[in-house]
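Novice: Here are the chains, one letter per residue:
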Amino acid sequence: MIYVQLFYTYLKIGLFGFGGGYAMLSFIQHEIVDKHNWLSQSEFTDIVAVSQMTPGPIGINSATYIGYVITGNVWGSIVATVAVCLPSFALILLIVGSYERFRSNRYVADAFRGLRPVTVGLIAAATLLLMNPENFVDYKSVLIFAVAFALVKFAKIHPVLMIVLAALLGLFLY
Amino acid sequence: MNLYGKIFCTFAKIGLFTIGGGYAMLPLVQKEVVDRKKWLSSEEFIDLLALSQSIPGIMAINISIAAGYKLKKNKGSIVATLGTILPSFVIILAIAMFFRSFQENPYINKMFMAIRPAVVALVAVPVFTTAKEIGITVKTAIIPLASAFLIWYWGVSPIYIVLIAAVGGIIYGKLKKSR
Chain A
1 MIYVQLFYTY LKIGLFGFGG GYAMLSFIQH EIVDKHNWLS QSEFTDIVAV
51 SQMTPGPIGI NSATYIGYVI TGNVWGSIVA TVAVCLPSFA LILLIVGSYE
101 RFRSNRYVAD AFRGLRPVTV GLIAAATLLL MNPENFVDYK SVLIFAVAFA
151 LVKFAKIHPV LMIVLAALLG LFLY
Chain B
175 MNLYGKIFCT FAKIGLFTIG GGYAMLPLVQ KEVVDRKKWL SSEEFIDLLA
225 LSQSIPGIMA INISIAAGYK LKKNKGSIVA TLGTILPSFV IILAIAMFFR
275 SFQENPYINK MFMAIRPAVV ALVAVPVFTT AKEIGITVKT AIIPLASAFL
325 IWYWGVSPIY IVLIAAVGGI IYGKLKKSR
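Protein sequences appear in the order of chains A and B.
Under this note's numbering, the first sequence has 2 at position 2, and the numbering climbs by one with no breaks.
Add 174 to a position in the second sequence, counting from 1, and you land on the number used in this note's numbering.
Worth double-checking, as some hints may not be accurate.
A short, non-exhaustive set of chain A residues, derived as facing chain B with CB atoms under 7 angstroms [to be verified]:
1. Phe27
2. Ala126
3. Ser141
4. Val164
5. Ala167
Hints were generated in silico from the structure; no laboratory data involved.
Each residue gets a CB set at the ideal place from its N, CA and C atoms; glycine is no exception.
Just chain A, with the same shape it has in the complex (with noise of 0.2 angstroms):
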């Protein structure tokens, strides 16, 4: 059952997907391309690019296309989105009324001081797991990750620039 699947899947990535939407990606990819390969690699960064393109999340972008795409149908899409939001809605509604108390909790405090720098791992994780051969196909994808790199980091050039830079270059390179 595909949908079950589908729904199963983005329930787990809402439910534990931590520490925004980069962070995430390693949620995402870990689940579509390397366990249920509902996608290639090339294709997942695609849609990360698309989707930095587009407006909205990359977890809701990511749910309503790979919903469409896996299933051939619309249905997929909303089974996919409405499951990657419900945790959220299940956990709002449950602390909201004693969101105090929640915050002021010391385990609380203390898991979330545990998760801070395994962020910066699952974002690691994620730049590392897009690092294949399919998105690095010679040299020159090499020399243009590291020229995006140092526009990005040191010029900060908005993102949406940089891909339609690249876009541009593409048409020049290959």
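Given chain A, work out where chain B should sit, using these hints.
Specialist: Just chain B, lined up with the frame of chain A:
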């Protein structure tokens, strides 16, 4: 328009103009919900923001649910979330329907060959900015390095890493207190 309609339209507008994820969305939410509509005070907004960041899931969704709940309880949270999701849902669905035929175009293919390594760079940069933000030192770098390696090299699910980190944080807190 009743309040539900207004909530829906406001969050749909926020959803439509948020490009690049949760943090890009925050100033927009603040402008619409706090400054313009005056649905929440600044303090309430900051509280909701802290709540949204302290639970798992997509932050943009979390803040929509929390703000919607504050306005109109359960129904408000559903309406706000639907508003946030709808624009990107429609756009991404359209792309999903046609992207594969686009990709067969040789020019699009060339563009994506160069876009892919650039996207990897976009993901690589926040590794360093986040590490600096949360004050990772040479000594504490072992934690992110080990977790990245476990996921990447051994294919360990990030879920286990998150669980171990949370439990580890609690145990560390206990040890420090008992000392």
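Novice: Taking the hints in turn, state whether each one holds.
Specialist: Each hint, compared with the structure:
{"no.": "1", "hint": "Phe27", "result": "5 angstroms, holds"}
{"no.": "2", "hint": "Ala126", "result": "5 angstroms, holds"}
{"no.": "3", "hint": "Ser141", "result": "4 angstroms, holds"}
{"no.": "4", "hint": "Val164", "result": "9 angstroms, violated"}
{"no.": "5", "hint": "Ala167", "result": "4 angstroms, holds"}
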